[in-house]
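**Student:** The primary structure of each chain is shown beneath.
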Amino acid sequence: MANQPGASTVAGPQILAEPKARGRRIRGGAFPAGGGAKSRPVPGEPRRIGYAYLAPAFLVYVLFALWPFVHSIYLSFFSWDGVGPRRYVGFANYRAIVDNSELRDAFIHAFVLIFFYSVLPTLLALLLVSIMSRSRIRGLTAFRTVLFLPYVVAPTAVAVIWRWLLAPGGPVNGLLSDVGLKSLPRPWLGDFTFALPSVGLIGTWVLLGLAMVLLLAGVQKIPTELYDAARIDGAGAWWEFRAVTLPGLRYEIAVVLVLTVTAALRNFDVIYVLTSGGPGTSTTVPSWLVYNQAFVVGAVGAAAALGITLAALIVVVNVLITRIGRVAT
Amino acid sequence: MTLVVQSGDGGSTGLLAAYAKLNSQFEAAHPGVKIKFVVKTFNDLLSTLKLQLSGSSGVPDVTQDNQGYSSLGALVTDGLVKNLDPIAAANDWSARQPGGLLALDGKFSTDGKIMGSGSVWGISATGTWVGLFENTVVAKKLGISSAPTTLAQLEQDMAIAKAHGALPMMMGTSDGFEPLWTLYEILMAQTSPQILSTITDGMSSTLPAAMTAAAKTLQTWQNDGYFTTGESAYSNSDAFSKFVGGQGLFVVSGSWNVPLPGPASSTARFRMILFPMQRANQLAAVSSGDLPWSIPTHSPHAQLAAEYINYITSPAANSAWIAAGQVPASLSANELQDATSSNLSGSSHDAVTAWVDLLQHGSMEPYIDWSTPTFLTTMVQSVQSLLGGKKTPSAFTSALQADYGPFVQQRHG
Amino acid sequence: MLGYVLLTVVSLTALLPLAGVLILGLGPQTIGGWAPSLSQARHFSNFSTAWALAGFGPALRTSVIITVTTVIASVALSVPAGYAFALMRFRGRSILFYLTVFGLLIPIEAILIPLYFDMRSLNLIDNYWSVILPDIAFSVAFGAFWMRAFFLTSARSLVEAARLDGASSARTLWHVLLPLARPQLLVLAVLFFVWNWNDFLLPLVMLSGSSLQTAPISLVFFQSQHTTNYTYLAASAVITVAPVLAVYILLQRSFTRGVLAGAIRE
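As you go down the protein sequences, you meet chains D, W and G in turn.
With the first letter of the first sequence counted as 1, position 184 gets the number 183 in numbering that gives the first Met the number 0; the numbers rise by one all the way through.
With the first letter of the second sequence counted as 1, position 23 gets the number 22 in numbering that gives the first Met the number 0; the numbers rise by one all the way through.
With the first letter of the third sequence counted as 1, position 79 gets the number 78 in numbering that gives the first Met the number 0; the numbers rise by one all the way through.
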């Protein structure tokens with residue numbers, strides 16, 4: 000789930016939000032330009048003092064984020080139990096991620112969760128928002144406050160809440176049998192087929208409100224004249240959606256996707272609390288494996304490789320999404 | 000001064016009550032010392048223990064761990080716990096506990112590679128064993144008058160229960176422990192009790208074929224509907240609570256659960272027996288000491304920690320253990336018989352008398368999940384797959400073999 | 000009309016589980032009971048029992064110390080960093096900025112391992128700083144980015160006027176720009192508070208010793224000992240999230256602005 004001091008949870012949109020500086024197109028991929036292109040030289044600004052302002056933050060950042068990242072890459076080329084001597088193994092840890100079915104499965108599960116955490120809420124939100132595209136909603140603030148709640152609640156608490164909801168004698172099963180679906184109630188988190196989708200649906204619950212708020216904000220910005228024009232042309236609802244709503248929201252959709260995909264790829268808390276990767280190995284995910292391999296099993300190099308692979312995956316997906324988001328902008 | 004004592008017995012009310020008593024007695028005997036007793040569940044203890052002991056600050060003074068290569072063995076290999084030989088010699092621990100028990104629970108070679116011999120790194124304060132609990136009220140209703148003494152009789156009883164629409168065996172598989180214990184007992188009953196020590200000793204790097212047969216039996220019981228529906232939602236302690244709440248004819252669980260919660264009027268209907276073997280006169284159980292106590296290498300108060308461990312495993316502590324219905328590891332069978340015959344009843348009485356029987360006439364066999372550093376995880380995942388219909392019995396054994404074989408081979412060098 | 004109906008439906012799906020948990024936590028002690036009952040929701044003592052059993056007193060104190068320190072330090076460091084990136088020229092500014100932005104994408108899982116071992120050799124394990132320092136590192140990456148965006152769009156004329164008046168960069172920052180930046184600072188504070196309070200993995204690894212636990216850690220250890228006592232689970236979950244919810248509700252406009260800023264094109 001989101002909410003780690005992963006500024007990466009809100010990073011993506013901020014990268015996209017990089018002020019476009021008076022209409023000039025941003026060069027480069029996901030990263031905004033340094034901004035030098037847009038400033039007139041500020042008179043009399045001494046050079047060195049910039050470093051002094053930057054130094055405190057950058058020092059902490061380098062020591063406790065950047066350097067460990069480099070160190071992690073280094074460790075991933077070794078086999079190490081955390082205590083004894085290190086043994087250089089080259090790319091073996093990375094090859095294992097491809098060859099070893101357990102490790103591979105964890106990444107496959109991560110992609111399954113991407114569907115539930117990201118695709119599903121986005122599609123649902125898109126559907127709902129396009130229905131609402133022409134209404135002006137008052138009292139949006141109140142709705143927003145409620146819709147953000149699942150996202151603000153700590154993931155560990157979300158897991159505990161859903162432990163109750165999905166319990167054999169819990170509300171979800173109770174509801175299902177009350178409405179007559181007697182064959183459906185089951186131990187969701189202990190079921191080989193349904194454990195992973197259940198974890199997925201927890202993510203959908205957390206992120207749907209977020210997706211709705213973001214897309215709603217975007218849709219409120221689409222000028223009504225465009226819709227009126229489409230109506231005058233005799234366009235149907237589907238055409239309106241394709242020609243007006245969707246292009247108008249392309250940027251916001253990218254933002255939602257970045258946020259939710261990152262959340263899908265980093266959900267340690269729910270797995271640790273609810274399933275520990277089980278039943279069997281049906282709900283293992285990369286972030287849980289990193290912890291388990293490094294600190295329980297004692298395969299530190301392999302865990303480092305897992306972490307780096309996860310980071311690479313996040314970067315690639317982020318870049319892809321922002322590229323797609325940029326295309327129409 | 001505060002002594003930080005960490006236990007992994009979270010959930011075992013009887014044991015925790017005994018520790019509370021012992022802790023206050025220890026504090027009384029050591030003025031100025033206050034004990035901070037930290038309780039975690041077994042799983043939480045294990046998943047954070049290595050991390051915890053690796054630091055040089057915030058390390059508990061004394062802690063429990065688990066027997067086997069993945070826990071105590073790994074701690075010994077990594078140099079995270081102290082060698083207890085000096086204390087053992089000074090207090091003559093080998094006279095306190097049966098040699099086999101002491102070795103099983105806490106001996107490892109100094110590199111942690113060989114379990115069961117070498118130096119002492121941990122010692123258990125109580126003894127526990129895994130057996131069968133029976134609800135005599137439910138049994139009576141089904142026309143079953145006596146407890147099963149052979150495996151065949153057990154299966155018969157379960158079939159009768161099933162036929163009458165009662166739940167034969169309360170089962171929880173979410174943590175994997177109860178199905179594994181059941182598997183071990185079936186394995187013993189179908190071959191011989193000694194098969195478990197053979198596996199943990201690693202004489203051969205191939206698991207016996209009987210493993211597949213035992214897995215098949217477990218699976219058959221599942222398919223015949225003997226187990227709880229929705230079993231995967233319950234841990235072994237959840238299942239046991241439900242059993243004590245009245246559901247199910249049998250449950251497989253351990254003596255750490257006694258004394259049972261609730262008034263005597265409701266707990267009197269439960270009895271605990273040794274899991275039936277092939278023949279009626281075979282007495283065997285998966286048993287060992289409870290989680291062994293060790294002193295972390297970075298323990299802030301190692302001397303005091305040593306005194307604590309020595310105290311709770313000494314004869315002076317026995318009355319506290321027995322009063323809480325626990326079996327002290329440091330009593331011989333005769334003393335146990337004397338000390339306990341009069342003031343325990345019900346399943347508490349059963350737990351102790353069976354322990355005595357095991358000591359005198361039976362065999363105490365180890366948990367085979369101790370056999371490799373990752374065997375517990377492998378077995379939990381595989382047995383869940385087996386019962387979930389995802390693995391056949393032979394695929395089950397192959398999965399276990401893939402973990403067991405290489406480790407045993409490199410152990411022998 | 001339709002818009003309101005849809006929004007209400009989605010809002011209810013968000014709200015009902017949370018409301019249900021609150022009511023369950025206030026209900027009578029049931030093991031395995033599933034339905035929270037509003038009429039019986041008056042057992043406030045459940046909260047004090049759960050509080051005592053789970054050790055929430057020390058845990059909340061630890062969480063407050065860690066989170067508040069992180070928030071204050073991160074905001075304090077982000078402001079000058081963002082200022083430097085936006086309004087000062089120095090060699091290597093672009094590269095340093097790219098490096099900072101990269102930090103927005105790094106997941107904690109990628110650095111946790113060496114971070115742990117390095118902290119251990121520095122004897123910082125089981126110490127507030129083992130959590131606070133990495134938290135600050137990740138927070139300032141975002142904070143510098145955020146403040147830079149603000150400083151870039153705030154009135155350059157103000158800055159130039161101040162400069163022409165002979166004000167030093169420090170005075171410009173402190174007297175001219177910061178007063179305008181209050182909403183942005185509030186956004187940072189809220190976001191940092193929510194992220195860092197809710198964090199589980201980093202504190203779990205760094206504080207694995209027995210003496211310090213954050214609220215989410217206490218929640219997890221407590222619930223694993225009472226997995227079917229839903230009353231306790233509910234009460235402890237509520238206690239854990241209450242501080243964040245309080246901050247969120249008080250400052251929810253700032254929170255919304257922070258998250259939305261990425262979605263609204265200027």
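What the hints contain is simulated information worked out from the structure, not anything from laboratory work.
What you are looking at is a predicted structure, and each value in this text was computed from that prediction instead of being measured.
Built from N, CA and C at the ideal position, the CB exists for glycine as well.
Watch out, some of these pointers could steer you wrong.
Derived lysine to aspartate or glutamate pairs resembling DMTMM-like cross-links, with alpha carbons at most 20 Å apart [said to hold, decoys possible]: (1) W/K389 / D/D104; (2) W/K389 / D/E101; (3) W/K112 / D/D104; (4) W/K389 / D/D80; (5) W/K112 / W/D77.
So the derived label-pair ranges between C-beta atoms look like this [said to hold, decoys possible]: (6) G/T7 / D/D177: 46 to 52 Å; (7) G/L11 / D/Q219: 34 to 40 Å; (8) G/L37 / D/R135: 56 to 62 Å.
**Student:** Decide, hint by hint, whether the structure agrees.
**Tutor:** Hint check results:
| no. | hint | verdict |
| --- | --- | --- |
| 1 | W/K389 / D/D104 | holds, 15 Å |
| 2 | W/K389 / D/E101 | holds, 15 Å |
| 3 | W/K112 / D/D104 | violated, 31 Å |
| 4 | W/K389 / D/D80 | violated, 32 Å |
| 5 | W/K112 / W/D77 | holds, 11 Å |
| 6 | G/T7 / D/D177: 46 to 52 Å | violated, 22 Å |
| 7 | G/L11 / D/Q219: 34 to 40 Å | violated, 22 Å |
| 8 | G/L37 / D/R135: 56 to 62 Å | violated, 35 Å |
In terms of the numbered hints stated before, the structure departs from hints 3, 4, 6, 7, 8, listed from lowest to highest.
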